[in-house]
Structures are given as C-alpha cells and as structure tokens.
Amino acid sequence: MKKYRVELRKLPYFLLVLFAVLVFAMPVALAVLTSFKSKPDLAKSLIGFPDQIYLENYRGAIERSDFFHSILNTVMVVVPSVTLIVLCASMSGYAVARYYKESRILMLLDKVYLASLMIPFQILMIPVYKIYKTLNLLNTLHGMVFMLVGTSIAYSAFLYVGFVKSIPREIEESAYIDGCSEFKCYWLITFPLLKPISATVAALHMIWLWNDFNISVILLQKEAVRTITIKQFYFFGQYTADYGMAFAAAILSMIPVVLCFVFMQKYIVNGIVVGAVKS
Amino acid sequence: MRKELLFTDMNGRGRREAAGLWLCGGAWTVTENARGRFEMKKKGFTKYLFVLPGFCFFAFAMLLPFFMGIHIAFTDWDGVAPEYHFVGLKNFIAIFKDTRIKAPFLNTLEFALLGTVIGNIIPLSLALLVNGKYAKLNTIARVIFFIPVCLSSVLTAFLWKFLYHEFFPEVFGWKNILGNPRWVILGIVIIGVWNTAGTNMLIYLSGLKNIPLELYEAAKMDGATGIQRFRMITLPLLMPSFSVCVTLTLTSWLKEFATTLSATSGGPGGSSRTVSIYVFDNLYKYYKAGYGQAISLLFAFILIVVGLLVSSFFRRREVEL
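Line by line, the protein sequences are chains A and B.
Sequential numbering of the first sequence, starting at 1, is according to this note's numbering.
Sequential numbering of the second sequence, starting at 1, is according to this note's numbering.
Please keep in mind that the hints were generated in silico from the structure rather than gathered at the bench.
Backbone N, C-alpha and C define an ideal beta-carbon position, used for all residues, glycine too.
Short derived list, chain A residues pointing at chain B, Cβ under 10 Å:
| # | residue |
| --- | --- |
| 1 | Arg-98 |
| 2 | Val-112 |
| 3 | Ile-119 |
| 4 | Pro-127 |
| 5 | Met-147 |
| 6 | Thr-229 |
| 7 | Tyr-243 |
No farther apart than 30 Å at their CA atoms in a straight line, the calculated lysine-lysine pairs in the DSSO-like style are these:
| # | chain 1 | residue 1 | chain 2 | residue 2 |
| --- | --- | --- | --- | --- |
| 8 | B | Lys-209 | A | Lys-165 |
| 9 | A | Lys-222 | B | Lys-288 |
| 10 | B | Lys-175 | A | Lys-44 |
Across the chosen pairs, the derived CB separations fall in these ranges:
| # | chain 1 | residue 1 | chain 2 | residue 2 | range |
| --- | --- | --- | --- | --- | --- |
| 11 | A | Lys-39 | B | Leu-63 | 50 to 60 Å |
| 12 | A | Ile-255 | B | Leu-137 | 19 to 29 Å |
| 13 | A | Pro-196 | B | Pro-236 | 24 to 34 Å |
| 14 | B | His-85 | A | Met-76 | 34 to 44 Å |
| 15 | A | His-69 | B | Glu-170 | 26 to 36 Å |
| 16 | B | Phe-86 | A | Trp-187 | 41 to 51 Å |
| 17 | B | Glu-166 | A | Gln-221 | 25 to 35 Å |
| 18 | B | Glu-166 | A | Phe-68 | 27 to 37 Å |
| 19 | A | Asn-136 | B | Tyr-284 | 18 to 28 Å |
| 20 | B | Leu-89 | A | Val-262 | 46 to 56 Å |
| 21 | A | Phe-68 | B | Ala-135 | 39 to 49 Å |
Full structure from sequences and hints, please.
Below is the structure:
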C-alpha cells in the first residue's frame, strides 16, 4: 500500500487540484442533479439529493421542446457538413501542400485561407442574410450546410496542409509510375494515410458545428428548421421557471457532443495543439 | 546530351525511378532550368480540380459575403426591401455621430480587457496545476477542465444563469450579478472563461511540456527559488503559447456575441450590449442593415489591426532555445 501514500507536503497541491476540479464540474453536476428533481423537491433545496429519481422531466422535455425534431435537424446539418468538410478540405490541403511550390495560384490560395481566419463572423452576418434571402435559402437546412462548410474549409485545409507535408511523397510517386491516375492515387493511397488528421478535423467540427449559434441564429428563424442550439435559445427563454425540465432538455442535447469528446479526446487535443502551434 | 537527369527535389530518389516518372509521361514534364539542371513539374490542371470543391464553398460562404458586405456598407439597405440606394460615406459619418454606439463600444472594451486577463490567468494556472508528475490525477483533472468546451454557449449561459439566479443567492447569499449593470460584464466573462478555459489550458500545457526539465534542475542547483524559476524560465519560454492564447482570447472577446445574447441579451438596460449585438440589432430590430454593416466593417478593421499588433508584440518577446 505504500504506493498510494501521499507525501504530506503535497497536500495543499492536491487540495488545490480538487478545488479547481470541483469548481469546474459543479455547474454540470448541478444540472444533472436538478434534472432528476421534481418541482417540490427543487423548492425544498437546490443542492440536496432528491427523495426519488424523477424522470418526468425528461419525458416532458422530449414532448414539449419537440426535442427529437430539432435533434434530427441538427444531425441532418452536422453529418453532411462534417463529411463535406473532411472531403473538400483534405483534397485542398493535399493539393496545396504538394504543389504550392510550383503553382502561384495555390500559394495565393493558401495565403487567402490563412487571412480568412482573421475575418470576424459579424462582418458576414448581414451580407449572408441578404444572399440567402435573394436565393431563397433562408430557413433551409441545405443552405445551412453550405454556410457551415464554407466557413470551416479554411481552418481544416490549414490543418491538412501541415499534416500532408509530413507524409513522404515517394509512396504516391511509385503509384504514378505504376500508372495510377491522380484521383485514384489520392483516394487509394494518400487519403487513408491522412486518417489521424481527418479524425481530428471531424471531431473538432462535430463539436463546433453541433454547438454553432452565430450562423444558425441568422439563417434558421422558422420553428420547423431550428437546430438544437437555436431551439434551446428560445426554449430557455420560455420555460425558465421550470428548471428541472429545462435541464433535462439540456442534458439530452449535450450527450452526443460529450460522447464524441470522450471517444475522440486524443484527436481533439491534438487538433487544438497543432492548430495553435502553427498559427 | 551528357547531362545527368537531376531534380530540384532529390529525396534520395534513384535515377532509374526518376526516369520512370519521366517516362510515364502525361502527368509530368521535365524541363531544363537556367542553371542547366532538369526540373520536374506536374502538368495539367488536376491539382486545381483538387482544390475546386473546397474553394467553391469557401467563395460562396466567405469571399462573396465579404465583398458584398463592403458594398452594403455604402448603401441605405434596410434589411427587408428589395431595393436600396448608394449613399456614399454617409453610414461611416453617421457612426461618429451616433450616441447609441458609445455604450456598446465601451462595453466591448471592458469585455476584452477582463476576458483577456481572466481568460489567460485561469487557464495558465490550470495548466501549471495539471503539469505535475501525478499522471492519473492530472489526466482526470484535464478531462474535467475540458468538458465545458463541448457545451454550446447557449447551454452554458443558461446553466450559469441558473447558478447566478438561484444557486448562489440560496447557498452563499450572493446577489445575482447579471442583474447589476456594474457587474454584469464580469458575470458574463466568468461564464465565458468557464466555457473556453479548456482550450487555452491545452495550449499552455503543450507549451509547458516543451520546456526542457534540465533548465529547472540547473536553476535549482544555482539556488533559484520557485518564483524566480517561474519568472526567468517558464514565462520567457512560454511566450509562443502566450502569443497564441492572448491574441485568440482578445479577438474572440472583442467579437463577443453568443454568450451575452443568451445570458442577458445585452441587458440590463444595455449595460452588457456589445458591438456585435448592436450590429445584430441593426439588422433585426432597427432595420438599418447598411448602417450595421458599416459598423461591423470598421470594427473588423480595428479587430484585425489589434490582433496583428498584439501578436507581433508577443512574437518579439519569444526566445529561442
């Protein structure tokens, strides 16, 4: 048991870590606790445990907030967007990384992508609204997908460029010699090699797009197309008195992202660190 | 022609292999350059086909609105009507005469200042805290610090509204600071820092991991105290992380929109309204889209200048090992 004995001198350090963990975990823990409380339980005490686990909140949340419909909307937006981002950005990143030395256009494209990372979304807000209004794309899910993909391409391509540069060219070149066409060579040889960075891009964007607020608040105003984030924005405005139910809805909506984080943790951490170091 | 087939890029490629590349034709051309060497180039437009789909999306969602935005800023478009007129610099002149814009502007500065300071001190402390030798404890702590990053700003704002509104008054007897015009910005900054601290913590952590331990040992031998070691070794070597984190937090707080909109929608009495929310209001509330776009254009310009200045300030202080 000696292994588990902690030096007494280190006690303040452990207390400090414990305190920080408690502060950070407290809001989420409290939300989970509240979501299992009935109204009388909640009125009695905010921090105490409920007498019995009360699942009505979850049932109510699913029925009243039209929960499945908005989750379905979100899935219908996020899944195609992430797929398109991975496909388009990996191809762009590959071409830029391989040929930017010999093509001025590609070098310029790389610079434009980098510069676009600095554009704040606010400046696009009004023009995007106007474009979507003219093209009748407001309140459509595919319109939302175009926007999400377009705003994510630059950053993901930038992550891919860095990664492709670390893959040796020789493998592709030997495939060319064997008579492989460029697209075939890319899909059969390079794309599988990009798996780690594809996982990073997919996981990061899965979380970001699931939680997107800025774009959806402008494009998705109608009830029928609202994604879960927008739904909650209005839902929380309406039912703030009923905390138990609101938190049940909140917890249900964060399950997919938290699961994504837990399983893809390594890739997400990697993506953030790589992106930060390069920029 | 006794010249050898040489390539600008010679990653140990054998000559036979290179000749094979040349022979397979079509995709490659070999040309002689000014120094009498042979260069290998990919022919054709295939490489542009690779970037085309991504670029189409990018052009549609970023380039087109960007240039169109410049145009809108010079018009009197109200956000609804199909027709509008070119008004020249009128919108930009109006910004300087607008009395309503002063409060959002000052609020944004306050957000940026508080957000950058708190949003870097806390993540740095967390990173220092979990950079110890207790692997298991540190991993668990890291995951817990990172979980708020997965939550949307709407959700986070709602969670904290509950805390400020119900939990703190009941448990600690604190008043709701979101209702107080003086402290509301601090309240929102706390929400935002809780939501994003995980990202900055990771960046600082990777910076800390890159500092060689020998430096600390040598300093210890020379009798440097813990604080001295932090000031003379950790801080200078952490500069790359500082330049990334400070620039990112500063610009993101200057853009502050979603958390504030869902926590207080700019209230009470406009005391937490930011420039971004003001632009949004100009589109949906006041029907002055052209004017709103002029504000956001000017603001984006300030944002980029500030971002570049801050990052070059820190870049100059980076040291090489």
